[in-house]
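Novice: Listed below are the residues making up each chain.
2 protein chains.
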Amino acid sequence: MSRPQPLSGFPELLPRQRIVEQQVVDHLRRAFELHGFANLQTRAVEPMDQLLRKGETSKEVYVLRRLQADDRDASDAELGLHFDLTVPFARYVLENAGKLNFPFRRYQIQPVWRGERPQGGRYREFWQADIDIVDLGELPAHYEVEVALVVADALKGLPLPKVRMHVNNRKLSQGFYQGLGIRDTEEALRIIDKLDKIGRDATAKLLIDGVDATPEQAEACLKLASISAEDSSFVDEIRALGVADPLLEEGLTELAAVVDAAAAAAPGFVVADMKIARGLDYYTGTVYEVFIEGEEHLGSVCSGGRYDKLASDGKNTYPGVGLSIGVSRLLVPLLQAGKLDATREVPTCVLVALNHEDDRPASNAIAQRLRARGIPVQVSPSAAKFGKQIKFADKRGIPFVLFTNDEGTQIKDIRSGDQATVDLDTWNPPAEDLHPRITAA
Amino acid sequence: MSRPQPLSGFPELLPRQRIVEQQVVDHLRRAFELHGFANLQTRAVEPMDQLLRKGETSKEVYVLRRLQADDRDASDAELGLHFDLTVPFARYVLENAGKLNFPFRRYQIQPVWRGERPQGGRYREFWQADIDIVDLGELPAHYEVEVALVVADALKGLPLPKVRMHVNNRKLSQGFYQGLGIRDTEEALRIIDKLDKIGRDATAKLLIDGVDATPEQAEACLKLASISAEDSSFVDEIRALGVADPLLEEGLTELAAVVDAAAAAAPGFVVADMKIARGLDYYTGTVYEVFIEGEEHLGSVCSGGRYDKLASDGKNTYPGVGLSIGVSRLLVPLLQAGKLDATREVPTCVLVALNHEDDRPASNAIAQRLRARGIPVQVSPSAAKFGKQIKFADKRGIPFVLFTNDEGTQIKDIRSGDQATVDLDTWNPPAEDLHPRITAA
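In order, the protein sequences belong to chains A and S. If you're matching positions, the first sequence starts at 1 in full-length UniProt numbering and goes up one per residue. If you're matching positions, the second sequence starts at 1 in full-length UniProt numbering and goes up one per residue.
Calculated from the structure, these hints are not laboratory results.
Same chains, same names: a pair is fine if it fits in one copy or spans any two.
Using 20 angstroms as the maximum straight-line C-alpha spacing, the simulated PhoX-like pairs for lysine-lysine come out as follows:
1. Lys223 to Lys275
2. Lys99 to Lys339
3. Lys99 to Lys391
Extracted from the complex, chain A is given alone in its bound form (with noise of 0.2 angstroms):
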């Protein structure tokens, strides 16, 4: 067999970058199960008709067939890999609505497959962490700041660049729209979300061509779409463009509940910012973008909302919140880039030399002393010259190399050179060497 090439849009991590991904999602789970939330994980493929419910992704899902499918297999469900991990998830509330509890909140990070065109920033297979509470008929206001919270705690302490989150109310830019009297509000939204890629001209036209906006009401949308603030400020300034509707009013208050709880828990994180859309038809109040400070064309890192309906099964409706964190998207660029490491590519601590083969048996027994205690050692893989071992764990950026000589246990340290005598049952590494660390450059 010849070398193997990548794939494209499939991206794989080396050990040291591989350190770097598994401790930022130790990190967000950690995150997640401190504010109660618990974890799923849902099956990798859905039946084709559940994942075709929202028309906008079909042409991205990966459809499954058995190599060797025959008849008495006519009635198996087509099935194809979900590209999201919402879809999953209504339908597991759904499965299981009678053996839950609600409120339910939840985490899953796991990941999503799409089939489109793998270009700048995109895959084709790509994890996502996402966390959402869902109610039974009624979901109260005070779950969309919770969510926003969550997430500012679980970026917190990530060696990221600075993100922010951008925040929005569907109430709000609905209400205001109506109150404006521009009837097809879901497609004046659709409009304003192209706000940034068509500039203020081409918004403009296509809301006096697309909802028969007057040019006095699409300015009106666009000075709208022009505010934002890291409190709650914004709504004097929009009250100030003399809109009144009841619908606008609620939005107003939601937003503005989300923004200041949020300046007061994570200052500097949250931004209300009225041009926030959200193309999805189904979010139905707060909605929130995450992105890079300085790099937000690169479109967002983390994002969602509130729907109303995440699933519905006839009787009983389930309203939810949640927002979705694209680990990929956010740790690839970056691990690729040289940005993000680790202080070493392996877990082990320390390595045990070797005098001799015949030591093996003993070395093993030290190691698991060590072991015990929670370091994480390895054996050398040969009774080499010591050189050569030394330079095994360095290739490694293994710390420490622990031998046995006529005094006793000894430990390198091998960054210094310096050298101790030690016991073995007390003996513990620097706790920043304990494990690898991620390393920002």
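Using the hints provided, position chain S relative to the given structure of chain A.
Specialist: Same frame as chain A, but now just chain S:
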């Protein structure tokens, strides 16, 4: 949408079952890392020509197609979902050989997919946890001892039924057959692999018909297959059969080393068992199969072996040794039978009760103070009557409810009803209540 039905062969877990699975996987991961194994995650897909290299499993592959593939994609390689973690690992090693340090030890915990008919303990999507050590050119035999010890360590301390690892060595069996005068030793191995299913007489007949064995040779093969021991006493038993062959001697030495080391490090876990053959052609040294004791008929829950040619690019050859733990195969039946459970269905240790909805920001602040010390907390969904808030905690198994009254901050253990005034900056739950724990029925 009506209530969706589960898909046969794609097991999914309820939140409390998932907590068990998550903790088992965490335990395996920790054990592998303590032994210096680095984690890898490979993509879910491989080109079909890679997947079809092993004829045996080709019928089980799920092939992918993009729903809206167009002409420009004609150059795309046909892709399928991986059916194990060995084929992707071998491909990864070849693809990245220049960037890896050998010997390279990695673990990989991912789902795999097989399109086979779902039946008792067989799934179409299931999780495996693999460890492998791979080297460039030569792989010392001591790694065949080591991987057995790592798996012994990894399975130790899990609330699972008692399992035992049955080991044999290909050189031993093939050397013995060779010494007897049987030519097609690989076919003889494949026949002996069927012994448990078809019995002694049918096996003897197959040996006579299939590899031209005399009745005496067939009898000697069956005698060898009947030998098993928890220590290296099997060596003398085999020698007593009077067959001499250099390959047999190598196998005896290597298997004795594995069994003796394992008997010292993990007494009772490993048993030398000469009827273990493993049907696959590519094993060349030690072979391993782990069975649940008394449930050997269910098949192995972990298996593997040494292969001298895990991968080869024509110039270099990469021998390896590895084991694969069938995580779903081990856990799903136990979870579905209710034999394993978790002490609660959420990570949450403390529910912060609300006196009034206006107190939510203050309650969030209290929750954050506890989270900062690693305690998973959530705030009550509403300022309902206190009894209702306790019921919310009780239904999920959350052990503690925190509330504020005239006497200050109180924490109630809702299982005992005990209640005490606490200092938020020093209170800790008992260690066994901090996180959910696994319980075994």
